[in-house]
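Protein chains: 4
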Amino acid sequence: MTAIAFLGLGAIGRPMARRVAAAFPETVVWNRTAATAEAFGREHGVRVAPTAADAVRAADVVITCLSTSQDVAAVVADGVLDAIRQGAVFVDCTSGDPATSRRLAHDLAARGIAFMDAPVSGGTVGAENGTLTVMCGGSAEVLERVRPVLEAFGTKIVHCGDVGAGDALKAVNNALLALHVLSTAEGLAALQRAGVRPDVALDVINASSGRSNASMNLFPERVLTRAFPRTFRLALLDKDTRIAADVAREQRVPSPLLQLTSELMAMARRELGEDADHVEAVKMIERWSNVEIG
Amino acid sequence: MTAIAFLGLGAIGRPMARRVAAAFPETVVWNRTAATAEAFGREHGVRVAPTAADAVRAADVVITCLSTSQDVAAVVADGVLDAIRQGAVFVDCTSGDPATSRRLAHDLAARGIAFMDAPVSGGTVGAENGTLTVMCGGSAEVLERVRPVLEAFGTKIVHCGDVGAGDALKAVNNALLALHVLSTAEGLAALQRAGVRPDVALDVINASSGRSNASMNLFPERVLTRAFPRTFRLALLDKDTRIAADVAREQRVPSPLLQLTSELMAMARRELGEDADHVEAVKMIERWSNVEIG
Amino acid sequence: MTAIAFLGLGAIGRPMARRVAAAFPETVVWNRTAATAEAFGREHGVRVAPTAADAVRAADVVITCLSTSQDVAAVVADGVLDAIRQGAVFVDCTSGDPATSRRLAHDLAARGIAFMDAPVSGGTVGAENGTLTVMCGGSAEVLERVRPVLEAFGTKIVHCGDVGAGDALKAVNNALLALHVLSTAEGLAALQRAGVRPDVALDVINASSGRSNASMNLFPERVLTRAFPRTFRLALLDKDTRIAADVAREQRVPSPLLQLTSELMAMARRELGEDADHVEAVKMIERWSNVEIG
Amino acid sequence: MTAIAFLGLGAIGRPMARRVAAAFPETVVWNRTAATAEAFGREHGVRVAPTAADAVRAADVVITCLSTSQDVAAVVADGVLDAIRQGAVFVDCTSGDPATSRRLAHDLAARGIAFMDAPVSGGTVGAENGTLTVMCGGSAEVLERVRPVLEAFGTKIVHCGDVGAGDALKAVNNALLALHVLSTAEGLAALQRAGVRPDVALDVINASSGRSNASMNLFPERVLTRAFPRTFRLALLDKDTRIAADVAREQRVPSPLLQLTSELMAMARRELGEDADHVEAVKMIERWSNVEIG
Numbered sequence: 000m001t002a003i004a005f006l007g008l009g010a011i012g013r014p015m016a017r018r019v020a021a022a023f024p025e026t027v028v029w030n031r032t033a034a035t036a037e038a039f040g041r042e043h044g045v046r047v048a049p050t051a052a053d054a055v056r057a058a059d060v061v062i063t064c065l066s067t068s069q070d071v072a073a074v075v076a077d078g079v080l081d082a083i084r085q086g087a088v089f090v091d092c093t094s095g096d097p098a099t100s101r102r103l104a105h106d107l108a109a110r111g112i113a114f115m116d117a118p119v120s121g122g123t124v125g126a127e128n129g130t131l132t133v134m135c136g137g138s139a140e141v142l143e144r145v146r147p148v149l150e151a152f153g154t155k156i157v158h159c160g161d162v163g164a165g166d167a168l169k170a171v172n173n174a175l176l177a178l179h180v181l182s183t184a185e186g187l188a189a190l191q192r193a194g195v196r197p198d199v200a201l202d203v204i205n206a207s208s209g210r211s212n213a214s215m216n217l218f219p220e221r222v223l224t225r226a227f228p229r230t231f232r233l234a235l236l237d238k239d240t241r242i243a244a245d246v247a248r249e250q251r252v253p254s255p256l257l258q259l260t261s262e263l264m265a266m267a268r269r270e271l272g273e274d275a276d277h278v279e280a281v282k283m284i285e286r287w288s289n290v291e292i293g
Numbered sequence: 000m001t002a003i004a005f006l007g008l009g010a011i012g013r014p015m016a017r018r019v020a021a022a023f024p025e026t027v028v029w030n031r032t033a034a035t036a037e038a039f040g041r042e043h044g045v046r047v048a049p050t051a052a053d054a055v056r057a058a059d060v061v062i063t064c065l066s067t068s069q070d071v072a073a074v075v076a077d078g079v080l081d082a083i084r085q086g087a088v089f090v091d092c093t094s095g096d097p098a099t100s101r102r103l104a105h106d107l108a109a110r111g112i113a114f115m116d117a118p119v120s121g122g123t124v125g126a127e128n129g130t131l132t133v134m135c136g137g138s139a140e141v142l143e144r145v146r147p148v149l150e151a152f153g154t155k156i157v158h159c160g161d162v163g164a165g166d167a168l169k170a171v172n173n174a175l176l177a178l179h180v181l182s183t184a185e186g187l188a189a190l191q192r193a194g195v196r197p198d199v200a201l202d203v204i205n206a207s208s209g210r211s212n213a214s215m216n217l218f219p220e221r222v223l224t225r226a227f228p229r230t231f232r233l234a235l236l237d238k239d240t241r242i243a244a245d246v247a248r249e250q251r252v253p254s255p256l257l258q259l260t261s262e263l264m265a266m267a268r269r270e271l272g273e274d275a276d277h278v279e280a281v282k283m284i285e286r287w288s289n290v291e292i293g
Numbered sequence: 000m001t002a003i004a005f006l007g008l009g010a011i012g013r014p015m016a017r018r019v020a021a022a023f024p025e026t027v028v029w030n031r032t033a034a035t036a037e038a039f040g041r042e043h044g045v046r047v048a049p050t051a052a053d054a055v056r057a058a059d060v061v062i063t064c065l066s067t068s069q070d071v072a073a074v075v076a077d078g079v080l081d082a083i084r085q086g087a088v089f090v091d092c093t094s095g096d097p098a099t100s101r102r103l104a105h106d107l108a109a110r111g112i113a114f115m116d117a118p119v120s121g122g123t124v125g126a127e128n129g130t131l132t133v134m135c136g137g138s139a140e141v142l143e144r145v146r147p148v149l150e151a152f153g154t155k156i157v158h159c160g161d162v163g164a165g166d167a168l169k170a171v172n173n174a175l176l177a178l179h180v181l182s183t184a185e186g187l188a189a190l191q192r193a194g195v196r197p198d199v200a201l202d203v204i205n206a207s208s209g210r211s212n213a214s215m216n217l218f219p220e221r222v223l224t225r226a227f228p229r230t231f232r233l234a235l236l237d238k239d240t241r242i243a244a245d246v247a248r249e250q251r252v253p254s255p256l257l258q259l260t261s262e263l264m265a266m267a268r269r270e271l272g273e274d275a276d277h278v279e280a281v282k283m284i285e286r287w288s289n290v291e292i293g
Numbered sequence: 000m001t002a003i004a005f006l007g008l009g010a011i012g013r014p015m016a017r018r019v020a021a022a023f024p025e026t027v028v029w030n031r032t033a034a035t036a037e038a039f040g041r042e043h044g045v046r047v048a049p050t051a052a053d054a055v056r057a058a059d060v061v062i063t064c065l066s067t068s069q070d071v072a073a074v075v076a077d078g079v080l081d082a083i084r085q086g087a088v089f090v091d092c093t094s095g096d097p098a099t100s101r102r103l104a105h106d107l108a109a110r111g112i113a114f115m116d117a118p119v120s121g122g123t124v125g126a127e128n129g130t131l132t133v134m135c136g137g138s139a140e141v142l143e144r145v146r147p148v149l150e151a152f153g154t155k156i157v158h159c160g161d162v163g164a165g166d167a168l169k170a171v172n173n174a175l176l177a178l179h180v181l182s183t184a185e186g187l188a189a190l191q192r193a194g195v196r197p198d199v200a201l202d203v204i205n206a207s208s209g210r211s212n213a214s215m216n217l218f219p220e221r222v223l224t225r226a227f228p229r230t231f232r233l234a235l236l237d238k239d240t241r242i243a244a245d246v247a248r249e250q251r252v253p254s255p256l257l258q259l260t261s262e263l264m265a266m267a268r269r270e271l272g273e274d275a276d277h278v279e280a281v282k283m284i285e286r287w288s289n290v291e292i293g
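Protein chains in written order, with the numbering used here: chain A, 0 to 293; chain B, 0 to 293; chain C, 0 to 293; chain D, 0 to 293.
No lab work stands behind these hints: they were computed from the structure.
Accuracy of the hints is not assured; some may be wrong.
[Claimed, not checked] Straight line, CA to CA, 20 Å or less: simulated SDA-like cross-link-like pairs of lysine to any residue:
hint : chain 1 : residue 1 : chain 2 : residue 2
1    : D       : K282      : B       : L271
2    : A       : K282      : A       : E220
3    : C       : K282      : A       : R269
4    : A       : K155      : B       : L271
[To be verified] Derived CB-CB ranges, DEER-like:
hint : chain 1 : residue 1 : chain 2 : residue 2 : range
5    : C       : T130      : B       : R269      : 54 to 60 Å
6    : D       : G111      : A       : A98       : 53 to 59 Å
7    : D       : R84       : C       : N216      : 46 to 52 Å
8    : B       : A33       : D       : D274      : 50 to 56 Å
9    : A       : A98       : D       : G78       : 25 to 31 Å
10   : B       : D77       : C       : E25       : 46 to 52 Å
11   : C       : T130      : A       : D198      : 56 to 62 Å
12   : A       : P228      : C       : T32       : 25 to 31 Å
13   : B       : R269      : C       : E220      : 37 to 43 Å
14   : C       : T230      : B       : R269      : 52 to 58 Å
15   : B       : E220      : A       : G272      : 38 to 44 Å
For every residue, glycine included, the Cβ atom is placed at its ideal position computed from N, Cα and C.
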């Protein structure tokens, strides 16, 4: 029977951990803010560990779902590296950066622990329904060992390449999302000022060649309605976009659009703050344009 | 009974004209290269005029489907303005620019002729099946008068705003298409060099938030296969992207991504030539990156 | 003896007009805001016309020094075109755009009036001392006819090319200025956050290959001191930068840096307002960077 | 008496080493390509070491002048770290990157060896004449210890800040140089196509606010003459520009112009090759513009 340690009970981590605990009774959770972990433990009848080191001690599989690779590295350095037992697998579902993941993999390998980066997409809804896409970076053999655990929350489990490959792909996907949000805003702001209503513009674009997930879903549901629900923080999308830009630069791929998107997201983060939702980046374009899309 | 003059039998114009002629027996066509018009006339039993001026003389509705607004202006100046009869409607299905369309509308209005810009999307397949989207700029009353003609080739007929609004919307849609082609290429080139196969990357992106029409259709069908069929010239997409960039600038909408896309398309046009297909813009990114996506 | 009409008594126009009037007693001035013209007339003993049309009626040479080519076109349309006499020369010292200058030249030529664009550089100090650089677009013959008038305020009088060439060159010079202000700010903000004091950085850069007029003069005198004197409006530099960007685009010169500079200046104008000095564009970079250079 | 080891006899290193050896008789040199070192030794009567480790063994001050920080790290790892004696100072005159310099400083400090990054500007002429600017990153105390050595080749010796500060400043200076070369080319290409000769344009710009070291020196001497002498490799300027872009990104300074410049230099490097001179980046803009500046 597989013992799981699940570290990080954020917006995505909570529903993932709930599903993992339902499938694997020997699951223990930990969260930096203890109150969150205790509430989660009470509600779902899951064991809560007082420290990350305690959580991982008996685990066959350690799953992390934190904000950044730096957070993962900090947890690893704070007792986890010493507590985790040889032969365990460390699955990092954080949207991380490949360089830090490779370093973690290296440090863990020295202790006989396999590492796999496994960021997910699908949002809170996908996490709740267990229909996430899981982007795996590491050896195929390690992936097969943890596949049953990943199946607790994911339906599309993809082996992307070596350690860091999952991070890289997640980052590029998210950078394209950021690019679509910003560029669709530029286009709709220009059209609105030229006398074309954004609902009309989206109706046409979404039947044409310029459509994207952003134009088909985010703008109709969140921008035109001015709802801007807070589902995924702009600060995290800025971080992901920068990771993608850094990957492109490391790989010596001239990538003017990805790089510019990273700069624009950094500006948006400064303008809109740490708590803003990613779609609120639209408001920076609106401010520059003196128009409200809707 | 409505007499139609259809000017411009290019890749999109030909199937549109065929459908118009089928619905409106009093259709006469004209094309700059006479041989094309004559072949079309023979094949479909449609009357061919020797000059554009001859074509429009008896027309209730004049339809143009040329490469650029400059081409339309040249045809108008070359006898059409004098030949077209008062009360006719001039429907320009060219992917034009709003400024030239407004000038044409002004000049035609002085002769009692209404103008509507009505660029289309849906490609040659949409034109053949009569399922184009038609983006109309002009008065609602004029649109109602010509709607039966538009219905010969379009199913989604959208009133976008005043003269130029159709052009503006078509241009922005196409600029987003150009942006998606280029940025997806940047991302996939970086991932491939980082060890992630592009088919794997597209499989994940197309199940995630970064997907676009380009990632869902163009890259799997045209780039990964290295087929690059010539369906829509890069030179025309460059022209459309520039129109969108100019609209944004005229409307004082800071639009760094649209502007940069316009510059990149201009570079791609210089690198790849006037005959290249729009998706071949990918090859510029590949060359910069020293990688072939696929 | 040469009669001069001088239209436009702004920050640069006033000292220019004063020097022209000193050299050519038959000078009459006009300004949109009448009080400015009257004060100028009283102070310098120069004749003031109540309207632009009145001012130009007897002139051999008409000089305009307004904010934009649109302002010049408006004045020409508002009676000047009809009032100006055949054989006169129209010298436009506005930092204008080539397209509007060419149209004005065309309209004036139909009345037998020669046009020359002749924007100046050197600032208010150069205007006061009569040491401006004058960038002339038009025929060499027209330039020779007006050279004595230009010498009243300029020492470096350069024939740049046909009508519009002076505008184009002035715009490119100013776009480079804008680029230098913004990019030096980016670099200094990054260095300051990395622990390098901006005065030290400028000391080194100004002895090295990265120096520019901005780093050598504007930053030490205006940014490090936080003085930001209002000598040249950001709104006007935004206008000039956009003209340069448009010239490059018309000439099909891919120019990613000039285009991006134009977008950044448009953002800065929106952020900092119509009254800000051009060097205050630095404050936008500072805000994004959460640092004050100095 | 101070014993010096000078590692790296490239275009800048050679004249620097010659001056150091003249001032400090106990100088020993090393170069990866041994033939270069031997020729240098014969010509200047300087002792040559067979390996870097041999060179540093007796040194009080080790000076490195290599292409990249990666080269320095490789030399350090290849025996130098073990051979260098406690109490020595390691002065790295490479145009390096701050992150690697900080890592080297950390590794050397563990052996009791102080590190200072000290990249230089002034080119081969400055190196020959001993008039280089030296940008020092490290403690003020270490700088004072090595100042006499630096004075062998530099006249302007500037303490920029902690370890990495010299690298950061050198990189930003060079990024501005790259930006000026590219943007001046964009502007001149556009003007030339608009009918303004580049020599006329430069004459005006160099008397106006848009001037830079590039417009005042590089374009008149190297571009208009089509001489393009090979004095500083484009590949190295690309590397420096990227370091500056990375510093800005690490410091969370939105820097769209520096980032875009880095992308353009990467493109230019791919187009023009590893041996091209930095000013040849102009040729990429020329090719895009279908014009030769001159």
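Q.
Hints numbered earlier in the text: which of these fail when held up against the supplied structure?
A. 4, 5, 6, 12 and 14
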